[in-house]
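> These are the residues of each chain, in order.
Number of protein chains: 2
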Amino acid sequence: MEQSLGQRLALLTDLYQLTMAACYFEQGMEAEATFSLFIRKYPADRGYFVAAGLAEALTYLESLRFAEEDLAFLSSTGLFQTSFLDYLARVRFTGEVHALPEGTIFFKDEPILEVSGPILEAQLAETFIINAVSLQTMIATKASRAVYAAQGRPLIDFSLRRTQGTDAGLKVARASYLAGFLGTSNVLAGKLYGLPTFGTMAHSYITSFTREIDAFRVFARVFPKTTTLLIDTYDNLAGARNAVTVAKEMEARGERLRYVRLDSGDMAAISREVRRLLNDHGLNYVRILASGSFDEHKIAKVLGAGAEIDSFAVGTKMGVSADAPYFDIAYKLVKYAERPVMKLSTGKVTLVDKKQVFRHYDDKGKMQRDVIALRNEDVAWALPLLRPVMRRGQIVRPLPSLNDHREHFQAQFAHLPEPYKALENPPVYPVELSPGLQDLQSRVECKLRQGEMGES
Amino acid sequence: MEQSLGQRLALLTDLYQLTMAACYFEQGMEAEATFSLFIRKYPADRGYFVAAGLAEALTYLESLRFAEEDLAFLSSTGLFQTSFLDYLARVRFTGEVHALPEGTIFFKDEPILEVSGPILEAQLAETFIINAVSLQTMIATKASRAVYAAQGRPLIDFSLRRTQGTDAGLKVARASYLAGFLGTSNVLAGKLYGLPTFGTMAHSYITSFTREIDAFRVFARVFPKTTTLLIDTYDNLAGARNAVTVAKEMEARGERLRYVRLDSGDMAAISREVRRLLNDHGLNYVRILASGSFDEHKIAKVLGAGAEIDSFAVGTKMGVSADAPYFDIAYKLVKYAERPVMKLSTGKVTLVDKKQVFRHYDDKGKMQRDVIALRNEDVAWALPLLRPVMRRGQIVRPLPSLNDHREHFQAQFAHLPEPYKALENPPVYPVELSPGLQDLQSRVECKLRQGEMGES
Chain A
8 MEQSLGQRLA LLTDLYQLTM AACYFEQGME AEATFSLFIR KYPADRGYFV AAGLAEALTY
68 LESLRFAEED LAFLSSTGLF QTSFLDYLAR VRFTGEVHAL PEGTIFFKDE PILEVSGPIL
128 EAQLAETFII NAVSLQTMIA TKASRAVYAA QGRPLIDFSL RRTQGTDAGL KVARASYLAG
188 FLGTSNVLAG KLYGLPTFGT MAHSYITSFT REIDAFRVFA RVFPKTTTLL IDTYDNLAGA
248 RNAVTVAKEM EARGERLRYV RLDSGDMAAI SREVRRLLND HGLNYVRILA SGSFDEHKIA
308 KVLGAGAEID SFAVGTKMGV SADAPYFDIA YKLVKYAERP VMKLSTGKVT LVDKKQVFRH
368 YDDKGKMQRD VIALRNEDVA WALPLLRPVM RRGQIVRPLP SLNDHREHFQ AQFAHLPEPY
428 KALENPPVYP VELSPGLQDL QSRVECKLRQ GEMGES
Chain B
8 MEQSLGQRLA LLTDLYQLTM AACYFEQGME AEATFSLFIR KYPADRGYFV AAGLAEALTY
68 LESLRFAEED LAFLSSTGLF QTSFLDYLAR VRFTGEVHAL PEGTIFFKDE PILEVSGPIL
128 EAQLAETFII NAVSLQTMIA TKASRAVYAA QGRPLIDFSL RRTQGTDAGL KVARASYLAG
188 FLGTSNVLAG KLYGLPTFGT MAHSYITSFT REIDAFRVFA RVFPKTTTLL IDTYDNLAGA
248 RNAVTVAKEM EARGERLRYV RLDSGDMAAI SREVRRLLND HGLNYVRILA SGSFDEHKIA
308 KVLGAGAEID SFAVGTKMGV SADAPYFDIA YKLVKYAERP VMKLSTGKVT LVDKKQVFRH
368 YDDKGKMQRD VIALRNEDVA WALPLLRPVM RRGQIVRPLP SLNDHREHFQ AQFAHLPEPY
428 KALENPPVYP VELSPGLQDL QSRVECKLRQ GEMGES
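Top line first, the protein sequences correspond to chains A and B.
Using my numbering, the letters of the first sequence map in sequence onto residues 8 to 463.
Using my numbering, the letters of the second sequence map in sequence onto residues 8 to 463.
Possibly wrong hints are sitting among the right ones.
One copy or two, it doesn't matter: identical chains are merged, so the pair holds either way.
[As the list claims (entries may be wrong)] Here are the simulated lysine to any residue pairs, SDA-like style, with alpha carbons at most 25 Å apart:
1. Lys373 to Gln417
2. Lys305 to Ala51
3. Lys371 to Ser82
4. Lys232 to Asn286
5. Lys305 to Asp330
6. Lys305 to Glu431
7. Lys371 to Gly443
8. Lys255 to Leu244
9. Lys48 to Asp116
10. Lys305 to Tyr49
11. Lys255 to Glu33
12. Lys373 to Leu92
13. Lys454 to Phe216
14. Lys361 to Glu439
15. Lys115 to His367
16. Lys428 to Leu78
17. Lys232 to Leu92
18. Lys115 to Lys361
I should point out that these hints are in silico values taken from the structure, not numbers from a laboratory.
Kindly produce the complete structure, drawing on both the sequences and the hints.
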């Protein structure tokens with residue numbers, strides 16, 4: 008499936024990528040261009056970002072090609088010359104990519120990746136690259152906050168039904184696992200990405216039986232090792248008593264009920280009552296799973312209120328990053344034909360040229376400050392974060408596995424000082440521009456203002 | 008591609024659909040179940056919803072089947088008996104669906120669709136149906152508000168780069184067209200759904216030339232009939248003067264510049280200045296397109312401030328429904344084996360049994376109030392909205408075209424009284440329950456409270 012990603016999706020682009028490409032083609036503009044992908048500002052309450060989605064972007068670039076039926080469609084629009092379409096049939100991405108490894112923590116204005124190659128090729132990829140990286144980065148960032156709020160309790164992704172489409176359903180499962188979730192309810196994601204899958208039962212299952220306890224009994228018999236009983240269909244405590252009865256029946260068969268699930272009501276109060284009821288019957292080993300509109304804030308709130316919840320199912324609000332459903336992310340030309348470039352549009356100035364991000368750590372190994380520098384600038388005592396991940400259109404193999412990314416993220420998060428992890432109003436992590444970048448930036452801006460603006 | 012949707016996506020479901028299915032299978036529960044899909048509450052500022060996504064849900068149901076590799080994966084989880092997996096290999100959806108035609112305006116609590124069939128089949132489809140219908144309904148609803156705010160000015164979908172994944176990118180183009188957009192920048196959506204596609208140029212295109220005017224000249228030469236010049240890369244007015252120069256050169260060749268595009272700054276003020284400049288040079292025919300964080304509120308604001316904008320490109324905020332990135336939508340069992348059912352969970356009571364929505368109009372043809380009734384109840388002088396769209400697992404053909412849905416929506420919107428179209432704090436449209444539904448609802452609730460709660 009991944010092999011043909013770039014072929015299946017060559018037309019999943021903005022029409023202007025193709026009209027600009029036609030201009031580059033007609034003009035014979037074949038020089039190397041570098042584009043930089045970065046986030047312009049922090050959405051509400053975010054103090055850091057988690058890079059994700061790179062593997063998908065690289066797989067797309069490596070397999071990008073226009074199929075005959077794509078070219079036939081483009082021809083039917085009447086916009087393009089045959090010579091250009093013939094050229095498109097042969098286009099492959101032949102350039103290079105430097106990128107933050109997935110799972111890397113990064114900050115506003117820092118390049119997530121930089122693509123260099125013939126301008127036509129590097130421009131064509133804009134739409135897909137933004138789409139792929141922004142979705143997974145947004146979800147990994149959101150999911151990491153829920154993991155932090157849960158203080159070690161396992162989280163399961165339950166978002167599939169409300170994610171924005173099917174592709175998002177898969178990518179949310181992947182990105183939330185990368186950020187520390189234990190697994191997902193999404194079976195196809197389990198198959199595609201090798202994720203642990205988890206499931207309970209729906210209210211409809213309960214209501215299809217005339218009595219709740221019958222529904223519980225059947226499930227426990229069919230899944231003696233993995234039963235989670237949903238207890239709120241009619242009344243949480245009545246449901247918990249039914250669960251106790253079934254758990255005792257399971258014990259008599261040498262089995263153990265694993266979880267009861269709460270899905271509505273005052274979670275802190277109910278979970279304590281249910282915990283007490285279970286313990287009163289010697290069922291201390293039965294754990295409590297809670298679902299229902301959880302995100303990092305609600306998790307922190309119910310735990311702060313003393314909830315006795317062992318695990319959370321996190322759905323919609325993480326799956327659409329509800330409080331920040333998009334990031335102000337951009338893919339901007341920063342160099343063309345050896346000339347550093349920028350635009351000056353109000354409030355949207357870009358950082359010129361090929362760059363590198365350097366990270367300083369304090370003597371306890373905590374992240375201290377970052378420096379955005381020119382790619383070949385030397386920043387002493389700091390760790391460069393962008394790595395070459397594609398050369399001459401080929402992925403630098405082997406690609407790390409998803410579990411590698413997950414571990415990389417955990418290591419990164421351990422080095423992020425606590426204040427930046429705050430769920431509300433975190434401080435701004437210090438990111439500086441290197442002297443070399445500052446100097447070049449002001450020289451280019453000055454020249455442009457004299458040139459373009461002087462003409463007016 | 009659509010033929011195999013249900014096959015490609017059979018595993019795109021929550022694991023619990025399969026564990027519940029295993030229980031139904033083991034129990035021999037084959038009676039007919041009816042599930043109802045509805046929205047529980049209005050998100051901020053919404054006074055109505057626009058039904059969309061039905062065609063995708065039906066195509067999925069008609070082609071739903073588990074491939075050998077899916078079954079092999081399920082087998083590898085160790086959760087399921089071979090007899091159940093053998094059964095899954097033969098499962099097809101054999102039931103019926105009643106639904107609102109796409110483009111229908113509807114309200115909170117009203118069934119968007121009801122699925123009836125053997126409980127295992129109707130339950131399995133839950134995750135995909137919610138996912139498909141909620142995304143497109145959410146986007147069509149959001150897009151219709153932008154269309155309303157634009158007061159007849161054409162809107163183009165520019166959201167692809169920031170939609171939540173690739174599937175959303177396609178569905179947003181479709182749903183926004185259904186709700187009245189003129190077209191999209193998304194080339195693949197153009198191909199798949201037959202939508203008009205539009206494109207301009209990026210800042211990167213401009214900055215790849217040493218002078219803005221050279222970039223303009225090349226574009227105008229390559230696309231003499233469809234040129235839109237982006238004028239804000241360095242300075243809007245300097246850019247507008249360059250556009251005037253190029254427009255005059257085009258005139259000399261017998262061509263006409265179509266649009267200039269604004270993408271930043273104070274849109275009302277800049278658009279008036281640019282309009283004046285164009286008119287001063289006899290370029291009254293050159294129109295102004297604006298892009299940059301537009302949604303219904305910003306469109307209304309800039310038009311209210313006297314902007315001279317002829318067309319809007321609407322991107323991210325519509326493409327992720329930024330102020331309401333999910334709907335509280337549910338697919339609930341309402342009847343099983345001739346028994347009307349509901350759950351009683353706090354704040355989440357459902358309406359029992361198979362239903363119909365009836366709409367009353369006033370003597371001017373405006374929508375007056377709706378009545379949710381039992382499916383076979385008679386509501387005099389009112390129009391039933393749910394129609395049979397699938398029988399015995401087969402779509403009732405022909406499926407209306409996307410343009411049919413678009414026209415249906417326009418007709419519906421014309422009949423919606425103005426107050427419900429308000430962009431902020433619209434009043435609540437009156438939706439009543441029929442006497443028959445009210446009576447059954449209270450009898451079922453009473454019986455459940457006596458039964459399940461009495462047990463406690």
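> For Lys373 vs Gln417, is the C-alpha pair at or below 25 Å within one copy, between two copies, both, or neither?
Within. Shortest intra-copy distance 13 Å satisfies the 25 Å Cα cut-off; inter-copy 58 Å does not.
> Under a CA distance limit of 25 Å, which applies to Lys232 and Asn286: within one copy, between copies, both, or neither?
within (20 Å within a copy, 77 Å between copies)
> Go through the copies and call it for Lys428 and Leu78: within, between, both or neither, with a Cα cutoff of 25 Å.
Classified as neither: same-chain Cα gap 48 Å, cross-chain 42 Å, threshold 25 Å.
> Are the CA atoms of Lys373 and Leu92 at most 25 Å apart within a copy, between copies, both, or neither?
Neither: 52 Å inside a chain and 51 Å across chains, both beyond 25 Å.
> Is it within a copy, between copies, both, or neither that the alpha carbon of Lys115 lies no farther than 25 Å from that of His367?
within (16 Å within a copy, 53 Å between copies)
> My question is about Lys454 and Phe216: at a cut-off of 25 Å on alpha-carbon distance, are they close within one copy, between copies, both, or neither?
between (76 Å within a copy, 14 Å between copies)
> Can you tell me if Lys371 and Ser82 fall within 25 Å by alpha carbon in one copy, between copies, both or neither?
Answer is neither: 61 Å inside a copy and 48 Å across each miss the 25 Å cutoff.
> Given identical chains, is Lys371 near Gly443, meaning Cα to Cα at most 25 Å, within a copy, between copies, both, or neither?
Intra 29 Å, inter 71 Å, cutoff 25 Å: neither.
> At most 25 Å between alpha carbons: which applies to Lys115 and Lys361, within, between, both or neither?
So Lys115 and Lys361 pass the 25 Å test inside one copy only (17 Å; across, 52 Å).
> Within a copy, between copies, both or neither: which one fits Lys305 and Glu431 at a CA-CA cutoff of 25 Å?
The answer is within: 12 Å in one copy meets 25 Å, while 27 Å across copies does not.
> Using 25 Å as the alpha carbon limit, work out where Lys305 and Asp330 are close: within a copy, between copies, both or neither.
both (13 Å within a copy, 20 Å between copies)
> With 25 Å as the alpha-carbon cut-off, assign the pair Lys48 and Asp116 to within, between, both or neither.
Within one copy only: 7 Å inside a chain, 38 Å across chains, cut-off 25 Å.
Of the numbered hints stated above, those contradicted by the structure are hints 3, 7, 12 and 16, listed in ascending order.
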